[in-house]
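Based on the provided sequences and hints, a complete structural model is requested.
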Amino acid sequence: MKHFLSVNDVTHPDELINRALAFKQQPVPPHHPGKGRRLGLLFFNPSLRTRLSTQLAAQNLGMEVIVLNAGRENWTLEFTDGAVMDGETVEHVKDAARVLGRYFDVLGIRTFPKLQSRDEDYAEHVLNQFVRHAGVPVISLESATLHPLQSLADLITITEHRPHSRKPKVVLTWAPHIKPLPQCVANSFAQWMLAWNKAHLVVAHPPGYELDEQFTRGADILTSQMEALQDADFVYVKNWSSLNPYGTTPAVGENWMLTSAKLQVTRNARVMHCLPVRRNVELSDEVLDSPASLVTEQAANRIWAAQAALASLIESI
Amino acid sequence: MKHFLSVNDVTHPDELINRALAFKQQPVPPHHPGKGRRLGLLFFNPSLRTRLSTQLAAQNLGMEVIVLNAGRENWTLEFTDGAVMDGETVEHVKDAARVLGRYFDVLGIRTFPKLQSRDEDYAEHVLNQFVRHAGVPVISLESATLHPLQSLADLITITEHRPHSRKPKVVLTWAPHIKPLPQCVANSFAQWMLAWNKAHLVVAHPPGYELDEQFTRGADILTSQMEALQDADFVYVKNWSSLNPYGTTPAVGENWMLTSAKLQVTRNARVMHCLPVRRNVELSDEVLDSPASLVTEQAANRIWAAQAALASLIESI
Amino acid sequence: MKHFLSVNDVTHPDELINRALAFKQQPVPPHHPGKGRRLGLLFFNPSLRTRLSTQLAAQNLGMEVIVLNAGRENWTLEFTDGAVMDGETVEHVKDAARVLGRYFDVLGIRTFPKLQSRDEDYAEHVLNQFVRHAGVPVISLESATLHPLQSLADLITITEHRPHSRKPKVVLTWAPHIKPLPQCVANSFAQWMLAWNKAHLVVAHPPGYELDEQFTRGADILTSQMEALQDADFVYVKNWSSLNPYGTTPAVGENWMLTSAKLQVTRNARVMHCLPVRRNVELSDEVLDSPASLVTEQAANRIWAAQAALASLIESI
Numbered sequence: 067m068k069h070f071l072s073v074n075d076v077t078h079p080d081e082l083i084n085r086a087l088a089f090k091q092q093p094v095p096p097h098h099p100g101k102g103r104r105l106g107l108l109f110f111n112p113s114l115r116t117r118l119s120t121q122l123a124a125q126n127l128g129m130e131v132i133v134l135n136a137g138r139e140n141w142t143l144e145f146t147d148g149a150v151m152d153g154e155t156v157e158h159v160k161d162a163a164r165v166l167g168r169y170f171d172v173l174g175i176r177t178f179p180k181l182q183s184r185d186e187d188y189a190e191h192v193l194n195q196f197v198r199h200a201g202v203p204v205i206s207l208e209s210a211t212l213h214p215l216q217s218l219a220d221l222i223t224i225t226e227h228r229p230h231s232r233k234p235k236v237v238l239t240w241a242p243h244i245k246p247l248p249q250c251v252a253n254s255f256a257q258w259m260l261a262w263n264k265a266h267l268v269v270a271h272p273p274g275y276e277l278d279e280q281f282t283r284g285a286d287i288l289t290s291q292m293e294a295l296q297d298a299d300f301v302y303v304k305n306w307s308s309l310n311p312y313g314t315t316p317a318v319g320e321n322w323m324l325t326s327a328k329l330q331v332t333r334n335a336r337v338m339h340c341l342p343v344r345r346n347v348e349l350s351d352e353v354l355d356s357p358a359s360l361v362t363e364q365a366a367n368r369i370w371a372a373q374a375a376l377a378s379l380i381e382s383i
Numbered sequence: 067m068k069h070f071l072s073v074n075d076v077t078h079p080d081e082l083i084n085r086a087l088a089f090k091q092q093p094v095p096p097h098h099p100g101k102g103r104r105l106g107l108l109f110f111n112p113s114l115r116t117r118l119s120t121q122l123a124a125q126n127l128g129m130e131v132i133v134l135n136a137g138r139e140n141w142t143l144e145f146t147d148g149a150v151m152d153g154e155t156v157e158h159v160k161d162a163a164r165v166l167g168r169y170f171d172v173l174g175i176r177t178f179p180k181l182q183s184r185d186e187d188y189a190e191h192v193l194n195q196f197v198r199h200a201g202v203p204v205i206s207l208e209s210a211t212l213h214p215l216q217s218l219a220d221l222i223t224i225t226e227h228r229p230h231s232r233k234p235k236v237v238l239t240w241a242p243h244i245k246p247l248p249q250c251v252a253n254s255f256a257q258w259m260l261a262w263n264k265a266h267l268v269v270a271h272p273p274g275y276e277l278d279e280q281f282t283r284g285a286d287i288l289t290s291q292m293e294a295l296q297d298a299d300f301v302y303v304k305n306w307s308s309l310n311p312y313g314t315t316p317a318v319g320e321n322w323m324l325t326s327a328k329l330q331v332t333r334n335a336r337v338m339h340c341l342p343v344r345r346n347v348e349l350s351d352e353v354l355d356s357p358a359s360l361v362t363e364q365a366a367n368r369i370w371a372a373q374a375a376l377a378s379l380i381e382s383i
Numbered sequence: 067m068k069h070f071l072s073v074n075d076v077t078h079p080d081e082l083i084n085r086a087l088a089f090k091q092q093p094v095p096p097h098h099p100g101k102g103r104r105l106g107l108l109f110f111n112p113s114l115r116t117r118l119s120t121q122l123a124a125q126n127l128g129m130e131v132i133v134l135n136a137g138r139e140n141w142t143l144e145f146t147d148g149a150v151m152d153g154e155t156v157e158h159v160k161d162a163a164r165v166l167g168r169y170f171d172v173l174g175i176r177t178f179p180k181l182q183s184r185d186e187d188y189a190e191h192v193l194n195q196f197v198r199h200a201g202v203p204v205i206s207l208e209s210a211t212l213h214p215l216q217s218l219a220d221l222i223t224i225t226e227h228r229p230h231s232r233k234p235k236v237v238l239t240w241a242p243h244i245k246p247l248p249q250c251v252a253n254s255f256a257q258w259m260l261a262w263n264k265a266h267l268v269v270a271h272p273p274g275y276e277l278d279e280q281f282t283r284g285a286d287i288l289t290s291q292m293e294a295l296q297d298a299d300f301v302y303v304k305n306w307s308s309l310n311p312y313g314t315t316p317a318v319g320e321n322w323m324l325t326s327a328k329l330q331v332t333r334n335a336r337v338m339h340c341l342p343v344r345r346n347v348e349l350s351d352e353v354l355d356s357p358a359s360l361v362t363e364q365a366a367n368r369i370w371a372a373q374a375a376l377a378s379l380i381e382s383i
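Chains as they are written, first to last, in our numbering: chain A, 67 to 383; chain B, 67 to 383; chain C, 67 to 383.
Every clue listed holds true.
Pairs count within a copy or across copies, as identical chains cannot be separated in the list.
Distance condition first, Cα-Cα at most 30 Å in a straight line; then the derived BS3-like pairs of lysine-lysine:
{"#": "1", "residue 1": "K328", "residue 2": "K264"}
{"#": "2", "residue 1": "K180", "residue 2": "K304"}
{"#": "3", "residue 1": "K68", "residue 2": "K101"}
{"#": "4", "residue 1": "K68", "residue 2": "K90"}
{"#": "5", "residue 1": "K90", "residue 2": "K233"}
{"#": "6", "residue 1": "K245", "residue 2": "K180"}
{"#": "7", "residue 1": "K264", "residue 2": "K233"}
{"#": "8", "residue 1": "K264", "residue 2": "K68"}
Treat the hints as calculated values from the structure; they're not laboratory data.
Here it is as structure tokens:
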């Protein structure tokens, strides 16, 4: 695997899933595949689970990790080719990426969308510039439109808890939030689920919250949450903002918060969320604190997802 | 030892003191007791000595350490059960603690008091929520009301420098400062000294600066600094704010700054302070730069205190 | 080597250069010279390359590294002897340095000039106080007036690319910037080049941008950029602010940005810059993206410079 930016970098999700589950059984491989390999984690935006789980994964492999908080260091990069840099930006991504590519064997990048221009965010300009100039494998720690490490952890979790007798029904349902959030977790989950092709994916959201078809094509898309939940085996709850007008939050008539009452129509569905979760806004306490909830397990699986991705990148060096 | 939150978690202080002094002789134990163990250090408030000494201690044991600056990451936790999280808080401590408990074998927490409500601070709500939900040993890196790693280092320092012929007289004396400080270092020192029971503890402070009796019961309490200093073997200097009205700084008539002149009445007392110290406000330069001062030694002993506590926690896993 | 603060701490630059080039061939020495040695890196100011390259160098040697961002921790030190600390400063450098000297075997310090008082900055008060009180080797990570790790990397880069048949001509040329910068990279480069004495150094700058003679004495100093560039083998581009009036940026008539057209008069000169660079202000894109540019190589050599300096400091412990 050359980079880890989306499911398109992966031969088949099951390869990575199986690799991750093997690491979960034996976290520290005896041959130290990462020994002497250096991982730089560059955060343009805050991170908790991704930061920790990726560091833990790299340590398990024997890699040396250095975390760089670009946002807090006031290290403002220029991304425009040919710019006359007489303003706020202090370094061009060309120069930054070239140097980081000399310092590290693998580079992790986290960069959020600005949610102001769909074209700009969906071009993944920041991530792509690092890929173009660094000359080393790049692993996405969540980008403007996708979050592949989260999705891989999600598939690992579903693999562990799926029914063996039938193809499970997985519902990705929109949920309320208090501010406009990126589409990346939802985009990425749909993209991975459909590439994996081992479950029946239903996406449910209020009118006006359609996701980009490039990621959801092949899923059933409903605007009735209750219809979607019928007979579900897994319910993945997540908020996202509108794609058009981009980054807005059109009013929603009904309350889409997931509750235990709503789960009655499912097949004892297990409930997922990428965290952090706004309790009693996105999901009710009773759901999150019930045995139906997989959210802690899902977050714990972030370690094994990152470890599988890093191990595959290291092999390509 | 299950947790390290106060002296009450300790069978006897001498066990930890002896263990710490053994580490001081041999910092890196050959059997690497911490190998494969992961320590997460979560700082809701700034830290210098605690941050460094705990990392160094963990490294000596062979643990892997990750530091998380919760305060600076704008990671605002919700601590109220049942809260509808439609405000500023982005994650409930339940979810955060559960995930951190999956990422780490031992969790360190630093959380300062707000100094606004005595009931709230003395309930140690933040620390206790992590203990309740993380499911792994928790080590206090200074909490709202106590600072056990500091106190253990203090007892180590007194052990090293105490007279052998008699029970030493130890005076904890209030000192001036320019702003309201927590009571935790003073509370904790009194609590450990009295549990240790190998010295005669005298607490001296101006009227209005009484500490909570749950920590000082058994000590002699004086409001005359000079009377307290008489024949002292150790003088521990520390400022704290008032308990009632909580967090205030009632006016003090005399100057309680510790000077060399005042030390004349002691038995060549050694002088302690947890640092950082406001020179020429809490203590005079001449005291701090004299051979009587143990403050650097005391700060250096923080490493061995943390190492003894961590080693004991690891054994309980 | 007792400290690493300037070229004056070095017996001969070639010793360190050769050591660095050996590390470039074999980054991880098999005998782990840094094993059990602890490096504390204290940043009072932001850093990217220095922070990363010094950590990587220390890891190669087997040292344990802890990074402390003093600036962002709001850890405001007092530097005046005898100060009554009733103001903004929370800890005296005496106490801080003494404790850090107990925690670490080697201490790295980054401290920028304030550019307000030449006397204050050129006294290197911050760095010198740490040297005076820490009691362990101190390595400068860039100080108010010098940047020896950068200069050593610069000499390594010149050594790798110099002509073998003759003493190269090296031109340090001032370049435009949008704000007042320290003189330290330029001071330090001149100081190291002249001590090294293996090249002909020419310093070119507009009138009013004279550097301190203590660093440039022995170099040819010109105020015509084109005259300086004639037959140059290396062109080092760097902005700095005026020494008198200190920290100002007197108007410059011509455009001193380095372009490919200007390089025509050189002997196919290689171009250097310490990064970060303001593209199309200090240097044109065409120069930076041409094979003439050594800037990425130069930044990569920061690792080997730091590793050579640290290895030499460790030997003195």
